[in-house]
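Trainee: Residue numbers (the numbering used here), protein chains in the order written: chain A, 8 to 432; chain B, 8 to 432; chain C, 8 to 432; chain D, 8 to 432.
Calculated directly from the structure, the hints in this document are not laboratory data. Be careful, since some hints might not be right.
Note: identical chains are not told apart, hence a pair may lie in one copy or across any two.
Here are the simulated lysine to aspartate or glutamate pairs, EDC-like style, with alpha carbons at most 20 Å apart [to be verified]:
#1 K28 to E73
#2 K82 to D119
#3 K28 to D215
#4 K428 to E384
#5 K388 to E306
#6 K388 to D215
#7 K67 to D53
#8 K428 to D101
#9 K67 to E153
#10 K82 to E306
#11 K150 to E431
#12 K28 to E235
#13 K28 to E80
#14 K219 to E306
#15 K303 to D249
#16 K28 to D218
Protein chains: 4
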Amino acid sequence: MAGSSFGTIFKITTWGESHGKALGVIVDGCPAGMELCEEDIQAFLDRRKPGTSAVTTQRKESDRVEILSGVFEGKTTGTPISLIVRNESQISSDYDELKECYRPGHADFTFDAKYGFRDHRGGGRSSGRETIGRVAAGAIAAKVLESLGVSVKAYTKSIGPISIDPSMSGICTARPNTSRQCSSSAVDSAPLSSSELDDSGLTMSTQDTFDKLRLTTPTCMPDAAANEAAMAYLQKAREDQDSVGGCMECIVDGLPAGIGDPVFEKLDANLAKAIMSIGAVKAVEIGDGVAVSTRKGSENNDSFVSVTDSSATNPSEISSDTIGKALGAIGKATNHAGGILGGISDGSQIVIRAHVKPTPSIYQPQRTVNQKGEEIELQIKGRHDPVIVPRAVVVMECMTAITVLDAMLVGATSKLESLQKLYEK
Amino acid sequence: MAGSSFGTIFKITTWGESHGKALGVIVDGCPAGMELCEEDIQAFLDRRKPGTSAVTTQRKESDRVEILSGVFEGKTTGTPISLIVRNESQISSDYDELKECYRPGHADFTFDAKYGFRDHRGGGRSSGRETIGRVAAGAIAAKVLESLGVSVKAYTKSIGPISIDPSMSGICTARPNTSRQCSSSAVDSAPLSSSELDDSGLTMSTQDTFDKLRLTTPTCMPDAAANEAAMAYLQKAREDQDSVGGCMECIVDGLPAGIGDPVFEKLDANLAKAIMSIGAVKAVEIGDGVAVSTRKGSENNDSFVSVTDSSATNPSEISSDTIGKALGAIGKATNHAGGILGGISDGSQIVIRAHVKPTPSIYQPQRTVNQKGEEIELQIKGRHDPVIVPRAVVVMECMTAITVLDAMLVGATSKLESLQKLYEK
Amino acid sequence: MAGSSFGTIFKITTWGESHGKALGVIVDGCPAGMELCEEDIQAFLDRRKPGTSAVTTQRKESDRVEILSGVFEGKTTGTPISLIVRNESQISSDYDELKECYRPGHADFTFDAKYGFRDHRGGGRSSGRETIGRVAAGAIAAKVLESLGVSVKAYTKSIGPISIDPSMSGICTARPNTSRQCSSSAVDSAPLSSSELDDSGLTMSTQDTFDKLRLTTPTCMPDAAANEAAMAYLQKAREDQDSVGGCMECIVDGLPAGIGDPVFEKLDANLAKAIMSIGAVKAVEIGDGVAVSTRKGSENNDSFVSVTDSSATNPSEISSDTIGKALGAIGKATNHAGGILGGISDGSQIVIRAHVKPTPSIYQPQRTVNQKGEEIELQIKGRHDPVIVPRAVVVMECMTAITVLDAMLVGATSKLESLQKLYEK
Amino acid sequence: MAGSSFGTIFKITTWGESHGKALGVIVDGCPAGMELCEEDIQAFLDRRKPGTSAVTTQRKESDRVEILSGVFEGKTTGTPISLIVRNESQISSDYDELKECYRPGHADFTFDAKYGFRDHRGGGRSSGRETIGRVAAGAIAAKVLESLGVSVKAYTKSIGPISIDPSMSGICTARPNTSRQCSSSAVDSAPLSSSELDDSGLTMSTQDTFDKLRLTTPTCMPDAAANEAAMAYLQKAREDQDSVGGCMECIVDGLPAGIGDPVFEKLDANLAKAIMSIGAVKAVEIGDGVAVSTRKGSENNDSFVSVTDSSATNPSEISSDTIGKALGAIGKATNHAGGILGGISDGSQIVIRAHVKPTPSIYQPQRTVNQKGEEIELQIKGRHDPVIVPRAVVVMECMTAITVLDAMLVGATSKLESLQKLYEK
């Protein structure tokens, strides 16, 4: 069936294959009147572009985006925004000998089972290039969110056994009381003194460093030392003709309380779907995630606090999770919940993690079968990333932005008074 | 917005609050002509019924289901099946003093933020009783699946630090080559000798024991020793006026290869949404899940194998993951992928795990705020489960069944030849 | 598949059969905080209740509605509102002999073709009683719309050859300049003098009479003379053991300009679906409808006018179609378009007409076949309306209300500035 | 919100504006394994191409389609098919002076009301060029339907007062017993003798002529004389600087009984939405449509007949409405219902009519207002069709094909036995 659309009010529909003529996305339902140009989108696409470092595939694609509709005189019109990226560097012959065999860890076999045949060139529709449409659409969602004061940031948390220092991570530095639990590793960071914190509970220099590193290191790690260690680890894996897995994390700041719908359209449920739909993701965690299963209730519950009352005695503890706008000065002392209670945002930072399997394409000989069911030895050629995570980070950020924005749009009129406010005579 | 519906062709819509008159579900799109009676559904509801053991709330509800429509002369008609369960044991006064305060870990605050006010009695719509509709609908989905040779089974994997012995778990016993990796604990089980295995790679007696235990132990653990240890651990937690978390697992057997749709409607993406939408679930894993992030590709890839060729040398290894029907005798030597590649089933067993937080209602005094933002000390009364997992297991099983069946229905005509087969003159 | 749900944000799901235990509806996505009680809904249900006059079936049903969820302390909570109506007067034996034959004009044959068998009692799910859920849900939608200043009113326009006098019709009286064209009959009414008009271009006494008549005459005609003629015509048809068709009309006042979405989610497209989905409706017209096909552009175009400028010279002409709020003092001189241009409301009155076939159940002997394909003569017993229109009028009103409200909800954030207004810090 | 998608399993998403860079459509959910090339699609696009006769706009567009994805080695892969048509002949300056005024009958005003501003060039998204995506997608749907033995044919029924001779129309010639009622005009045709009829009740030569005329006359009328009269009428309208309306009709042959879903997803409800969503359509009729409102039940009911029994005496009467496959030799003696009972196809020919308003762009001076609300006189320049119908006929055909195919896909598994047949081991 039609599986290439996502979202209800802000709806994206992606298309295209690894070795087809082009890939793209239709973004339908974007609010009208927002300034938008190709550079807004290109900046995001460049973050997933291949060939930019030693740890990505050497396939050369400029991945230039073209806006074909939905923008007039520099502003969104409210009608569908069609975005296209031409493929340039297809070397289909790399895949000729894969035509009749099933690569382990890839979708070759399942596409054949489902459709009776497949476009075998570079994985066809199951290729990582499919995410171009997601990223282009996510760039637009992120810009809408920015205009509402909501920011979405993803980064690499670990590659193989190498994890970032919790004190270097956006979430961990900024929120000392929550960080200790949200990491599956048990490393505690020393709490920052309050003089180091700005209004949002984060030192400006730390914030700058965090952003600069996650956007510029080849691994997308916001930690220079971990980045270096991970690069060495990746180099070793390449020499071994092997690949490695990793973990990425995404945080949403500034989201008001009250976003998400009960029961099936919970914010965390939709985030789980959005993130699990990214190829190679095998686990999704919200807040402290897996760690909650061995907790006691007395440890895991986040106390609500009054910002005003407690700020005198312990400002760093609660300031970062203050909800402020939504219901006055109510915050949480910790954020094990990752900003979501009962499927609805609580005004704290949203925290999501995704665990990514190693690239299935490795250069070592592998045992598999061909379409006739005969066992063969397979040696994969072509150009492949030794790790998927660094290029998937921006995809996670974009899927999160799309999901959060759509939740804000569908929930805009949850209260009768909101509806009346909009349609007041 | 409307968040109480789930599914595309097989669509369920649930309704009802903890302390309202009743709860229920509409199951629309169920294929016509299937025998169905109230007992089919009651059997599932009884598995989530409260008050059945020391580790569940003592609220007494008979939770009797009534079929109001959609079944005629004992068979489904294809039109909506309306199911209702009356509430009987509401003690709303238990909640009077909670009216104006926000319980930590509950959705009180977020419902107020979203809707401006809330039904505070027992959590209202955010109560665990909301799952009655899911379970009633899931019973129907499971019966349709059974008629297609597909079985869905969930059970408790761990409670607090107590895990079942991998050799006692359905997945681990049945699939020795995959079990070692799918457990986050590193305990290996001795492989069974081939003489102990039936055609599906599982000894009949083991299968019987597994089913009996998961359905009869108070913890839903398919391991008598672990069940006992967990019961002791729970007893201790109760004495401490505390609660505990845990992990549950669900396996799907008999699902043909080719189910699920690429990109956004991937089978794992929809399962992640379905399971994450269950209250208290904070993480979802597919196959080896979190563990893949520290793997090498050479370890994590599942080799495809020809059943015929390899069966002579190592039958127990591949028989359990034989795809058989879909594409001839092609199987996988291991199942790290949990039966899904590229979002589409590969014919192997589907494996999903969910991590559940401790019950947020604990009897210890807790720090929180009231609706005015004033800090208060809260002492919760009422009747609460000390652990959510055992009663959530059947909910996970049901959400899985609904998701898998809907994927089979929407994907029924992926190939033109399937469509032609149905509509042939 | 699941065909019993309608709407995106305000979503209704109906269930139930003519001779089952009960019928009902889930209303999901209703904004929170609106006062709602059973009487609000009962008032609408009473308008479609059978047995109230000589021209409806003599089946006696009290059709009492019960609210089972979604309302707390007299207000909607934002969660699903479950409504149930018990069947009381099923006489299934009336239908025993119909079990194996296909009634002309009914859905017996097509249900068998689709599902393989059917609930033959009273048409099962294809019965007119299915509309109970629509009406109960529509009562809620109408109440939300009322709070936004939008009113929806339906009435009978014709029964057989008997039409209401255009000057007695809500649309025609109220909007003299548009009325002449919106009627397919060519009867002109003398324009009212401006002194007879209130601010909305309608004399208060006329408005009162119109409302009183459409709600109290057995035919739902807002014209006492036509009602009498139609009653005589119906009496004759009953004596002939025959049934008759008719036409109903619905008008929406107060809808702001800008509601509806381009291309496929046009307001008129969704209204057409909503109204055509009512059993027995065979044609839907918007504005002047069928009549446009023989028009010239110079006749059919509605001129935009400035209310201020022209009001001095010809106030009665434009006041009724003033858009006012949306874009200042812009109105239309006529309303051939029925208030919709390019699928989006233009601030004028919305006008929809539906043509309803004669009740297929007639007492004359008819030629048909049984399930074996043998030709038989059929004589229908039971209790049937000689005309469907009067009881369908409230169904049309309700489906219109649901459609319009949902369009207002999904379109609430079409402009970025609306979104920012709602989420402003 | 997102309004540019249509369909559930076979889902299309269109994009593009009249004077943007390009227009296109994503067709998602097309079954895999069907041969498809650009010429299949181009043949349909050529039918809506402008500049092909004296009665269409002189804007010159080659409207060449390019397939960008979803087709591999000449066959559909099951993944999204992206189709693009570049705009070539935009003369945006034609519209400069329209930037600030609201053209009567157009969507200028409503787009401004909804979005705050608009792309004023050629109507932007509300232009008739938007239908390029619908036609390209419909060509694919039609090809799938053809492989299932279902054909969809639309043609012009009337232009202004000029109607085709009922005996020349596909529906009227082919189905003498039903034709007399399905026309709103009261002209009867002499019944054909049975020797003139082929198996489907249609003389081959008549069928050929019908198809040739509807596809080749400038008016798309399947009647040479009416075409000539209509051309003369149009010429006169052009000389008067005016435009005219008309009526188009679409028939579906070969559709099995049982397609469509009860209540809200009725086949006629979805057809009504599909057709009403085409710009300028103001009324939709199914079967005898408007005419039913003045009928008696005894006239309007279609008797079911046994084909075998009655064929000896009156073969021409029932052969055309034989359902054959679905439920043995059961047919209908007439087809007032237009092939749909209770929202589900009955195996007879599906008949839909749409009434189209005159082109709102006329060259006569018109009264309107500008964005400031000031009244102005407007004289429209540019290139416009004097009648919309001939170019809309193929759009109606395509929307019908998309709707019918999607209904066949979503209903494929209405019976449990169909599901079991597909997934049988």
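Trainee: Work down the list of hints and note, for each, if the structure agrees.
Mentor: Now for the hints, and whether the structure bears them out:
Taking the shortest alpha-carbon separations for K28 and E73, both the intra-copy value of 14 Å and the inter-copy value of 10 Å come in at or below 20 Å. For a Cα distance limit of 20 Å, the shortest separation of K82 from D119 across copies, 14 Å, qualifies, whereas the shortest one inside one copy, 43 Å, does not. In the homo-oligomer, the alpha carbons of K28 and D215 never lie at most 20 Å apart, since the shortest distance is 39 Å inside one protomer and 40 Å across protomers. In the homo-oligomer, the alpha carbons of K428 and E384 never lie at most 20 Å apart, since the shortest distance is 66 Å inside one protomer and 37 Å across protomers.
For the homomeric pair K388 and E306, the shortest alpha-carbon distance between copies (19 Å) is at most 20 Å, but the shortest distance inside one copy (50 Å) is not. Taking the shortest Cα distances, K388 and D215 never come within 20 Å of each other, neither inside one copy (40 Å) nor across copies (47 Å). For a Cα distance limit of 20 Å, the shortest separation of K67 from D53 inside one copy, 12 Å, qualifies, whereas the shortest one across copies, 38 Å, does not. Taking CA atoms no more than 20 Å apart as the test, K428 paired with D101 passes in neither setting, with 59 Å inside one copy and 37 Å between copies.
In this assembly of identical chains, K67 and E153 lie within 20 Å of each other by CA distance neither inside one copy nor across copies; the values are 31 Å within and 43 Å between. When the C-alpha separation of K82 and E306 is checked against a cutoff of 20 Å, the pair qualifies neither within a copy, at 49 Å, nor between copies, at 36 Å. For the homomeric pair K150 and E431, the shortest alpha-carbon distance between copies (16 Å) is at most 20 Å, but the shortest distance inside one copy (28 Å) is not. In this assembly of identical chains, K28 and E235 lie within 20 Å of each other by CA distance neither inside one copy nor across copies; the values are 37 Å within and 46 Å between.
Taking CA atoms no more than 20 Å apart as the test, K28 paired with E80 passes between copies only; the shortest distance there is 13 Å, against 29 Å inside one copy. When the C-alpha separation of K219 and E306 is checked against a cutoff of 20 Å, the pair qualifies neither within a copy, at 34 Å, nor between copies, at 34 Å. In the homo-oligomer, the alpha carbons of K303 and D249 lie at most 20 Å apart only across protomers (7 Å), although the nearest pairing inside one protomer, at 40 Å, exceeds that limit. For the homomeric pair K28 and D218, neither the shortest alpha-carbon distance inside one copy (35 Å) nor that between copies (36 Å) is at most 20 Å.
Of the numbered hints stated above, those contradicted by the structure are hints 3, 4, 6, 8, 9, 10, 12, 14, 16, listed in ascending order.
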